[in-house]
Amino acid sequence: MNPSIKTTNLQKTFTLHNQNSTELKVLKNINFSISPGECVALTGKSGTGKSTFLRMLYGNYLPTAGTIEVLYQDTYYDLVHSLEHQIIYLRKHAIGYVSQFLVVIPRVSTFDIISNTLKQQGTLEDGSNEKISHLLETLNIKKNMWHLPPMTFSGGEQQRVNIAKTFIGDYPILFLDEPTSALDKENTKIVLDLIKSKLNKNVAIITIIHDATIRNQICTREFNLENFTEG
Amino acid sequence: MIIKDKILEVKNLTHYYGEQVGCEDISFDLYQGEILGIVGESGSGKSTLLKCLSGQISPSQGIINFCIDQNQPLQDLCKISEQKKRALMRKEWGIVQQNPRDGLRLRVSAGGNIAERIINEEIKNYSNIRHKALEWMDKTEMEKSRIDDFPLNFSGGMQQRLQISKILSSNPKLVYMDEPTGGLDVSVQAKLLDTITIIVRDLNVSMIIVSHDLAVVKFLTDKLLVMKSGMVVESGLTDRVLDDPQHSYTQLLTSSILQV
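As they're listed, the protein sequences go chains A and B. For the first sequence, the working numbering begins at 9 and goes up steadily by one. For the second sequence, the working numbering begins at 14 and goes up steadily by one.
Just so you know, these hints were derived from the structure itself, not from any lab. From a predicted model like this one, the values you see are computed outputs, not experimental measurements. C-beta atoms are modelled at their ideal positions from N, C-alpha and C, and glycine is treated no differently. Each hint should be verified, as a subset may be incorrect.
Computed list of lysine-lysine pairs in DSSO-like fashion (alpha-carbon distance at most 27 Å, straight line) [what the hints assert, rightly or not]:
id	chain 1	residue 1	chain 2	residue 2
1	B	231	A	151
2	B	104	B	17
3	A	193	A	204
4	B	92	A	100
5	B	92	B	204
6	A	127	B	92
7	B	104	A	100
8	B	17	A	127
9	B	17	A	14
10	B	24	A	127
11	A	209	A	14
12	A	100	B	145
13	B	204	B	145
14	A	127	A	193
A partial selection of chain B residues facing chain A, derived with a Cβ cut-off under 8 Å [claimed, not checked]:
id	residue
15	47
16	96
17	99
18	101
19	236
20	247
21	253
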């Protein structure tokens, strides 16, 4: 099967122009690939560059050298040299990103945040409300909170809304940055089950999870970034 | 698969005020539905660039190609007639002025201000125009009962809402906004940004927004141009430019934000 993402000699150095042009050489020579149905955990000590790597794959950080190719509908797109609207398109359709913290727009309700994903993907239809309700119920978000903006929700509730927002969509690739960090045991299990069902649908998942026991329940492979740091 | 129509193509745009550089050698493309932010300190050439693009001043050099008709190649704005340019300004472009008083007739009713923009079009019937004006006031969250009042007596935030209603009512292809929330207090600013975001997402209109407020551009725009001394020093996806700035000036700009 063709890899969902492949990188060639990916490198990242931060140059801090206003701090005497200090160079922070974070990552180099990363040749990585992930296939559909795989769940790869990024590992390595704090500060190794796990988030930096994930952010490059999402187009949020600019690689210093190397290429990133993303597969969408049988075509590879070079993320480093794509136009802005093409990257935005890939983010709407190909790569779903569950960040550590939910970014909320004031006054937009929980329900609308989730239906907006379907709207963006052009899959909002008559049965969508039921689908959204079902997912929110699965994630233990109480019904009387659905019409509220999640700004005032607890950390765990916000994290589950964040997961619902991305998991409702039909993305062939998912990035999960600490998806269970604020969750109790019961809700962690629910989220892990949702992740497993995505893997069964051949979604390629890259995740950062510190807790090894949680990691081992879903990940098919570990990718240690300590092997790609410079001196 | 990922193909969008280009609606604006700017090449090597330069404008001098006498010997003084207004903006220099600016090139970028804008696609259908894209929202571009232009940031930079006062005097960096943001407003000069916006004025050139929107036909308010003629650039000293360079090309501005605009999509007038989807089925035809883009046309150079510097080469079309004044008459045609004015027609474009009335319908296809909208310019939201920083000071709403510059974009409104203060002694014409709120409804009349909106009507002025849409009366040239298919709708000539009075009640239809009034209906459409009410619809737009509703979308920008203005009280509909104020339709017959003069904007002279509106608050700054309300005047800005009215100006936005007026501009968007003609369903323009491209909207220019110069500091749309400048001069408004923080709570009014947040609400207005919210309204703009929701409307713009639904309309799929292309926009160019000039602002010195990074929070505003982060919230509203897809991509950014960072300007300094009349030149573009960095450009790219908005979150990329703000989270991983490459140029020393952009790094200075993003590190100067106070965390609340």
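Hint check:
1. B:231 to A:151: violated, 32 Å
2. B:104 to B:17: holds, 22 Å
3. A:193 to A:204: holds, 16 Å
4. B:92 to A:100: Judged against 27 Å, a Cα distance of about 38 Å means the pair is violated.
5. B:92 to B:204: violated, 40 Å
6. A:127 to B:92: violated, 40 Å
7. B:104 to A:100: violated, 31 Å
8. B:17 to A:127: Holds, at about 18 Å.
9. B:17 to A:14: holds, 26 Å
10. B:24 to A:127: Measuring from Cα to Cα gives roughly 35 Å; hence the hint is violated.
11. A:209 to A:14: The given pair, whose Cα atoms are some 20 Å apart, holds under the 27 Å limit.
12. A:100 to B:145: Not satisfied, since the Cα-Cα distance of roughly 32 Å exceeds 27 Å.
13. B:204 to B:145: holds, 23 Å
14. A:127 to A:193: It is violated: about 32 Å lies between the C-alpha atoms, which goes past 27 Å.
15. 47: This interface hint holds because 6 Å falls under the 8 Å limit.
16. 96: violated, 33 Å
17. 99: Given a least distance of 30 Å, the restraint on residue 99 (chain B) is violated.
18. 101: Since chain A brings no Cβ nearer than about 23 Å to residue 101 (chain B), farther than 8 Å, the hint is violated.
19. 236: holds, 4 Å
20. 247: violated, 10 Å
21. 253: Since the shortest Cβ distance to chain A is 6 Å, the answer is holds.
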